[in-house]
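S.K.: Protein chains in written order, with the working numbering: chain L, 1 to 481; chain E, 482 to 876.
The hints are simulated quantities; they were obtained by calculation from the structure and are not laboratory data. Since no wrong hints were added, every one of them can be taken at face value.
The list that follows gives simulated cross-link-like pairs (lysine to aspartate or glutamate, EDC-like), each with its CA atoms no further than 16 Å apart: (1) Lys16/L - Glu717/E; (2) Lys716/E - Asp9/L; (3) Lys54/L - Glu451/L; (4) Lys721/E - Glu13/L.
Short derived list, chain L residues pointing at chain E, Cβ under 8 Å: (5) Glu13; (6) Ala50; (7) Asp137.
Take a look, some chain E residues computed to stay more than 12 Å from chain L by CB distance: (8) Glu589; (9) Lys770; (10) Asn811; (11) Arg875.
A virtual CB, placed ideally from N, CA and C, is assigned to each residue, including glycine.
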Amino acid sequence: MSSKTLDYDSINENVKKVAYAVRGELYLRASELQKEGKKIVFTNVGNPHALGQKPLTFPRQVIALCQAPFLMDDPNVGLIFPADAIARAKHYLSLTSGGLGAYSDSRGLPGIRKEVADFIQKRDGYPSDPELIYLTDGASKGVMQMLNTIIRNDKDGILVPVPQYPLYSAAISLFGGSLVPYYLEESANWSLDIKNLYQSTTEARRRGVTVRAMVIINPGNPTGQCLSESNLREILEFCISENLVLLADEVYQQNIYQDERPFISARKVLFDMGPPWSKELQLVSFHTVSKGYWGECGQRGGYFEMTNIPPKTVDEIYKVASISLSPNVPGQIFLGLMVNPPKPGDISYLKYEQESKAVLESLRRRAHIMTDGFNSCRNVVCNFTEGAMYSFPQIRLPPRAIEAAKKAGKVPDVFYCLKLLEATGISTVPGSGFGQKEGVFHLRTTILPAEEDMPQIMASFKKFNDEFMEQYEDYRGYSRM
Amino acid sequence: MLSSDSISRAQQILDQIPGRATGAYSHSQGIKGLRDTIAAGITARDGFPCNSDDIYLTNGASPAVHMMMELLLSSEKDGILCPIPQYPLYSASITLHGGTLVPYYLNEASCWGLEMSELKRQTEEARSKGIRVKALVVINPGNPTGQVLSEENQKDIVEFCIEEGLVLIADEVYQEDVYVDNKKFNSFKKISRSMGFGEEDIALVSLQSISKGYYGECGKRGGYMEVTGFSASVKEQIYKIASVNLCSNISGQILSSLVMSPPKVGDASFDSYRAERDGILSSLARRAKMLEEAFNSLEGFSCNKVEGAMYLFPRINLPRRAIQAAQAENAVPDVFYARRLLEAAGIVVVPGSGFGQAPGTWHIRCTILPQENKIPMVISKLTEFHKAFMTEFRE
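So that you can see chain E by itself, here it is in the shape it has in the complex (with noise of 0.2 Å):
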């Protein structure tokens, strides 16, 4: 019934766990020998050494972010820096905490490239306003924007983080979602270590979720935070916080610890794991091209090449009179065309407003998950919605 491989690495995690009680609360950050066996993980993917102590098990990685804004912000004058566009997460959670969200455009026409004339300049407004710039926020591969940054915008990164004092919170979660042989993806633990930057340079968060990649398994709510360069008295802050919740759920636990550990070659399961994971992964880059080059078909439309994550946000020019109608019925443009796709359609798709975007732009953003014989299907009843749209609101 099950493989060999899986009924020893089973009894080997259960050797792991304290009595082999698996519905007993664990150590608040997460069982010791699961956090090794991540830790390990991140050392080999990184070819730096990872502490086991620096990692935090959360349920996903959306708790780890509000830990870190918990910590982070004190009132409306601490402000992160986020990506425009942002997984709402970020703003929601800002919010939450009473910070202030301090912007940084990414650039459209470059690819949605992050600009670091803009990181600069958007810190300098901020601080002129009064507002302490405690972090930046970077997500690599983006979301909903899909793109990879490259090494050397990396590296300027981290250069900016440490001259600046930031703590720089890295989300991660679509490290193995890269659909193009032209980038590849790196850790910003990887980039500063390789740099020559350790603890005492640079302040880290480094975030990891089993809801993505090629796993996908959003419902057992698996993540972690890898936390470096944080001083000890702050470090028994943050152990003090994850020590109200006790901890997060086991299964989450040691899903977390198969995606940083999987069967490697030569294990009893290799093949066949190999197999799933390339199928999803080529998948998932076919059905982004798909995606991609039938919104780029459509008029008024443009798509920016979907590098990595799971998203397409093109960018819809809307005509005049469409944006009109909206105001009419007192709604956002983007929210007006989502509302007509969805009624015309049955398509879901989140407007671009909530994910902020440059003042008079409109986006959709569109998963790359229909299931790849079902996206023609997706596409024409696309297409046809949206022609059918522009015959009614074209000049």
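Just chain L, with the same shape it has in the complex (with noise of 0.2 Å):
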């Protein structure tokens, strides 16, 4: 008999190459330390209803009565959920060939492709398409398709923030490409310099790279900041005269915690642009039900929206699209009903608008809490998350706890995310699995525990850090960038 065809030596290489740190190293050991009876925060994440988010009510009553339409027969009906709910989801219902348990078109139900475009219209003031905006199984899907379309081989290179959401690196690993780094400068607030996205092309190209597109996440994951309208003007005029497709990732674009830099898509500032410009830049914009005010994670809801990509290319990722058949359908609801809420004058409108806004202040809130409690450590710079759902703090680590994570075998901030871990059970992801500066050391957490937990566990951080930092220390001080 040969040796089995799944030895690890014989499966795809480019399999081995990905990394995916968000459910890497530290959430397999806070999971061990759970099933021991340890008590664990998952920071690890973005998964608002983990941490105790309730979903809100409204989207759950459409949702319930599109997936048991019976419920409609009965009587009763009228007295367990509201007027809008029932006649919105007689209204998907209507939408669909046969209920949520048909496929759809491959591309998601038309008519909730015209609900995005509608919303991106009011959102942007400017036309979009609906033949132009396919749902996915949530938008990670959508970019890993971007993505397999743009990369032919390994000297395709991709445009990416550092630090980054890993599926970007794991993503460009599977498919073989090149992934080049731009820098985010930490000490301005992790804002984008041009001057680095220029550095960073021409070194790659140097290196017989060919840099096909750019990714942008804004707001930042893990960083959180907001690009600025002339930031958004500079990088779509770079990725014009570099002849580069934008990635425009814009899940978190509902968690703005501050009022200096509000959310503006990508596609607005291009149209405001006007042509040439507007005419030329191609450009995916992505979103998602995971994140903002909603965090339905596990719905699995997304699209992507295409901007100048041409027809026959359009084709080709129908194409692939269709070989999944189509994206689930009460995800698309879902997506549907974020894009299209209740409105003034609706009947769950108040409600709706209640909830949303709760956990937008209170989100706003423990960004500052999050921020404030790590500022408050001697040896942790932490810059204030301007938006999405994470905090990513810079660690300053002596040299002996260096050291002692060498001897380890773990990189420095594995080794400390690890000791934090068994110390107080707060589950991080350290900032290796997510790029930064030579020498420089970070941990990303989420703002999501819930708000009344959050002293305790910024009280917990600071013990936890306080011992480390005298355990480590000498009197030379502590390691710097």
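Take each chain as given, in its own frame, and dock them per the hints.
M.R.: This is the structure we're talking about:
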């Protein structure tokens, strides 16, 4: 009998190259400890409902009725469900050809894609074509599909911010492309300096890499920064002059915690610039139901919108989408509800508004609590979370801690995070999972733990950190970048 | 409004979900409690134990196929044995992941039988061309062909995979759709375990879906793969790839657990559930028969018995003049026929060339799914069209 095909040695090398720290070493260790009975606070992934955030009422009512339409035959249904939820459910069911159990169009139900187009138009002031909007099982699926379409071989490079959400690095590894990093400026609140972009691109090209696309994550993950309009303009001009597709990950567009830089979509800025840019720049924009104040991660609902992508390319993208038959229909309905929520005058409007505001205001407060909590530690510097769901503090580690990490065979921030986990049950993701400058260490946590638990969590962190520093510090002070 | 057992089942499921949060990302393999339920269902079905850690819940069975192709294929030197005719997810996925499809032809003359001699021949030929044959895909019941493998056949396949060191990918999504009394669905897991082969002997990937059977919940995107016989280091890689997409949709996960663990005798919903199930399956069997007979009554058509799944794959002997007309239009002959059928009768089928067929033969794939009371109308429209077509192109 020959050796088994699925020996580790004979599997696809690209698969082995993939790293996805969000559910990597720290998460696996945390899960082990949880099984052993330790109380764990999972702050490794932006998963609001897992940390106690309640689902919004209206969408759940609509989906319940869509999942079980026989409920609407019951004369008492109006006692349990508000009339607008019932009407919405009937409306969505009428858009399907056989209810939620039937495959939809591979691009998603046309009626819902129209709702998304209307939302984009309302948000940006420019019309959007539903034919160029594809619904997907979460935004990640769309990102992977686009990267697979763009990457032809290992000489094709994708500009990715550092630090980045490691879906991008994982996908680039999987598809055998080349990641071209551009560093965000930590000392300037993680802003994007256009010089860094030029530098990275030039350097990559010198190595023989064909830079094909640029990824922006706005608001940023893990860094939280919101791009200014002028920054976006610079980026668009850069992409046009360098002939790059712009991939705009805008999944956190609802999560904004400061007023100086509200969310502006890349598409809006592009169209504000007008021709020729607005007709030339190839742009793909991503959005999801997993974040915002909805946090419906488990539904797997998202979309991508294509701008200035040629019809023949769109046909190929459609072809690949069709192999999976269709995105899940409940997720599509969640998306429709998110982009077309209850309006003033609707029966459910007040409750919906109240629930949404409560979540957003609490997130804003928690962003401050966390940032302040981290900054109260003398070896920790934390930029304010302008948007998204994370805090990404820089932890300055003393040389002896770094040595201890090396001895334990761990990257320093992994070492620190494992110790933090074991001491406090707080499960974070080490900064090395997102990329960072050499010799600088971070961890990513979310701002999602319940507001009433926050002070205790930050106190717990501070206690651990101060003890860690006492253990490893010496009179010479701590390491610096 | 809702039956008492559906309420208690819902409570039970909610208790299995951390924080009862159905909107949260779950474990990347799927919610543990639901996997336990599915594992118990598999154990009850096969009579051999199933470990819930071997289960990966996915958005339908298709993403599981993609994951396996990703894992197995490093280059075009890597080959996967696929039945011809096949469900074109396999050919598409292999192409997408840069591998090579190694075809093995099912024998139409013997009811789409899978012949070991053909499998062996194709494997040897591929290897002689420098291809590393890594896996064998078997679709049972077959799509588009509808045959249900005999136990003997399955045993031969298991032995072949073990001898040749191949991963066996068992697409079993139509396991509930069997319409003949002389055949039974047996999972490849059951067959290999009953032969005494365990995890050390055979690497097996078994696929199931909520899209087919009698539930037909295609739009929910639910399914799973059960993966046994893999080393721990390889399983880590599978987990890692699954984790990049975080998890499959929760609604689909829940449905998968319900499909593998439906209401039991004594449950409040058992009778109504059973009636619904039997009604659907018996109707599918009747529809299969009606359409099969209809095709067999048409000039030039021959249709194998639909033993299972949801399709007919009748062969059409196209007159020479029809083939010439197709060529004149630059069309593949079965595409030409299917297009004419669509335009004349409004019936949408998929040309056999989309699934692969023995060279020089033409087929169309048609589902057995139009509502039973509409089938006579479908048959009459088909008949009318076909008669006119043959009149036009007959020698």
